[in-house]
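Start counting the sequence shown at 21; every next residue gets the next number (this note's numbering).
By construction, these hints were calculated from the structure, which means they are not laboratory data. Bear in mind that the values here come from a model prediction, so they are computed numbers and not experimental data. Misleading hints may appear alongside valid ones.
Unchecked claim - Each computed DSSO-like pair below joins lysine-lysine, with the alpha-carbon atoms no more than 27 Å apart:
hint: 1; residue 1: 117; residue 2: 127
hint: 2; residue 1: 159; residue 2: 238
hint: 3; residue 1: 207; residue 2: 173
hint: 4; residue 1: 127; residue 2: 197
hint: 5; residue 1: 238; residue 2: 127
hint: 6; residue 1: 144; residue 2: 159
hint: 7; residue 1: 70; residue 2: 250
hint: 8; residue 1: 207; residue 2: 197
hint: 9; residue 1: 63; residue 2: 117
hint: 10; residue 1: 127; residue 2: 188
hint: 11; residue 1: 83; residue 2: 28
hint: 12; residue 1: 46; residue 2: 63
hint: 13; residue 1: 58; residue 2: 47
hint: 14; residue 1: 28; residue 2: 117
hint: 15; residue 1: 28; residue 2: 70
hint: 16; residue 1: 83; residue 2: 63
hint: 17; residue 1: 149; residue 2: 173
hint: 18; residue 1: 47; residue 2: 70
hint: 19; residue 1: 212; residue 2: 188
hint: 20; residue 1: 144; residue 2: 127
hint: 21; residue 1: 238; residue 2: 197
hint: 22; residue 1: 144; residue 2: 173
hint: 23; residue 1: 127; residue 2: 58
hint: 24; residue 1: 207; residue 2: 101
hint: 25; residue 1: 159; residue 2: 207
hint: 26; residue 1: 70; residue 2: 58
hint: 27; residue 1: 149; residue 2: 188
hint: 28; residue 1: 149; residue 2: 83
hint: 29; residue 1: 42; residue 2: 58
hint: 30; residue 1: 149; residue 2: 46
hint: 31; residue 1: 42; residue 2: 63
hint: 32; residue 1: 207; residue 2: 127
hint: 33; residue 1: 212; residue 2: 117
hint: 34; residue 1: 207; residue 2: 149
hint: 35; residue 1: 101; residue 2: 117
hint: 36; residue 1: 101; residue 2: 127
hint: 37; residue 1: 144; residue 2: 212
hint: 38; residue 1: 70; residue 2: 117
hint: 39; residue 1: 144; residue 2: 250
hint: 40; residue 1: 70; residue 2: 42
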Amino acid sequence: MNQIRLDKFVSERSEYSRSQIKNLVKKGEIRIDGAAVKSSDVKIDPENQKITVCGTEIIYRDKTYILLNKPAGYVCSTDPKDGRIVMELIPPQLRTKGMFPAGRLDKDSVGALLLTDDGELAHKILSPKSHISKIYIVKLANCFENNYINLFKNGICLSDGCQCLPAKLRPSEKSEKLAFVELFEGKYHQVKRMFSSVGNHVDFLMRISLGNLVLPEKLGIGESMELLHKDVENLFRTPDFDDFCREFDRNFSAIVIKKLI
21 MNQIRLDKFV SERSEYSRSQ IKNLVKKGEI RIDGAAVKSS DVKIDPENQK
71 ITVCGTEIIY RDKTYILLNK PAGYVCSTDP KDGRIVMELI PPQLRTKGMF
121 PAGRLDKDSV GALLLTDDGE LAHKILSPKS HISKIYIVKL ANCFENNYIN
171 LFKNGICLSD GCQCLPAKLR PSEKSEKLAF VELFEGKYHQ VKRMFSSVGN
221 HVDFLMRISL GNLVLPEKLG IGESMELLHK DVENLFRTPD FDDFCREFDR
271 NFSAIVIKKL I
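Can you make the complete structure from the sequences, with help from the hints?
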């Protein structure tokens, strides 16, 4: 890549402002290949030079993609005025200026949430034309009823008259109160409102996949991981719903399902 000013590079890939970067340079806290920097406007080649700020390496990335296993109680926002926000959960070395949640989960819901500074990708994900598959596991207040499957398949009409697209539904093999739902849209509180429309109530909701990007079993609640470009490409692939649910019931139950039964 072409050379770039040190202060521009660090400010775009961290939470430091350019004035803060200038002060850190004066204190000897910014280093290039181990040597303290003398000026914040020095030109660097971040692909081939190691940049550290206060001992933490600032790694060059064209765009950053983070998968967060969102816990309950956090808002999908970048504004601290909204309360506890998901940005607080991303390690400082992975945060970049302009990073935001590409999609939403309710405050009390948990699971897969993508955060990125790639506005073009986020627009593509959120566009109704993309029809990104999203699979959830829900715990219901009352037992699952088989007639729900056709009701969801035909498109639920919500209490306010809003018509939902056809959705897939499958009961879990582990409990009569657990079910999997696949949506291709994201209306406000949609899953909860859909079950309310058939006379049930969602006690717990967890998103477990975005497209064919599956929430890893090893990623604990509140933890995040950086995605590779091949992982990001999986967002636009649709899994086989029935195969996915069977596999999830078998392999993921130790961490998630047993806590819900």
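How the hints compare with the structure:
{"no.": "1", "hint": "117 to 127", "in the structure": "holds, 23 Å"}
{"no.": "2", "hint": "159 to 238", "in the structure": "holds, 21 Å"}
{"no.": "3", "hint": "207 to 173", "in the structure": "holds, 17 Å"}
{"no.": "4", "hint": "127 to 197", "in the structure": "holds, 22 Å"}
{"no.": "5", "hint": "238 to 127", "in the structure": "holds, 23 Å"}
{"no.": "6", "hint": "144 to 159", "in the structure": "violated, 30 Å"}
{"no.": "7", "hint": "70 to 250", "in the structure": "holds, 25 Å"}
{"no.": "8", "hint": "207 to 197", "in the structure": "holds, 23 Å"}
{"no.": "9", "hint": "63 to 117", "in the structure": "holds, 20 Å"}
{"no.": "10", "hint": "127 to 188", "in the structure": "holds, 24 Å"}
{"no.": "11", "hint": "83 to 28", "in the structure": "holds, 15 Å"}
{"no.": "12", "hint": "46 to 63", "in the structure": "holds, 17 Å"}
{"no.": "13", "hint": "58 to 47", "in the structure": "holds, 10 Å"}
{"no.": "14", "hint": "28 to 117", "in the structure": "holds, 11 Å"}
{"no.": "15", "hint": "28 to 70", "in the structure": "holds, 15 Å"}
{"no.": "16", "hint": "83 to 63", "in the structure": "holds, 20 Å"}
{"no.": "17", "hint": "149 to 173", "in the structure": "holds, 19 Å"}
{"no.": "18", "hint": "47 to 70", "in the structure": "holds, 18 Å"}
{"no.": "19", "hint": "212 to 188", "in the structure": "holds, 15 Å"}
{"no.": "20", "hint": "144 to 127", "in the structure": "holds, 24 Å"}
{"no.": "21", "hint": "238 to 197", "in the structure": "holds, 25 Å"}
{"no.": "22", "hint": "144 to 173", "in the structure": "holds, 25 Å"}
{"no.": "23", "hint": "127 to 58", "in the structure": "violated, 45 Å"}
{"no.": "24", "hint": "207 to 101", "in the structure": "holds, 24 Å"}
{"no.": "25", "hint": "159 to 207", "in the structure": "holds, 20 Å"}
{"no.": "26", "hint": "70 to 58", "in the structure": "holds, 16 Å"}
{"no.": "27", "hint": "149 to 188", "in the structure": "holds, 18 Å"}
{"no.": "28", "hint": "149 to 83", "in the structure": "holds, 23 Å"}
{"no.": "29", "hint": "42 to 58", "in the structure": "holds, 10 Å"}
{"no.": "30", "hint": "149 to 46", "in the structure": "violated, 50 Å"}
{"no.": "31", "hint": "42 to 63", "in the structure": "holds, 14 Å"}
{"no.": "32", "hint": "207 to 127", "in the structure": "holds, 15 Å"}
{"no.": "33", "hint": "212 to 117", "in the structure": "violated, 33 Å"}
{"no.": "34", "hint": "207 to 149", "in the structure": "holds, 14 Å"}
{"no.": "35", "hint": "101 to 117", "in the structure": "holds, 18 Å"}
{"no.": "36", "hint": "101 to 127", "in the structure": "holds, 14 Å"}
{"no.": "37", "hint": "144 to 212", "in the structure": "holds, 25 Å"}
{"no.": "38", "hint": "70 to 117", "in the structure": "holds, 20 Å"}
{"no.": "39", "hint": "144 to 250", "in the structure": "holds, 17 Å"}
{"no.": "40", "hint": "70 to 42", "in the structure": "holds, 18 Å"}
The structure fails hints 6, 23, 30, 33 (numbered hints given earlier, in ascending order).
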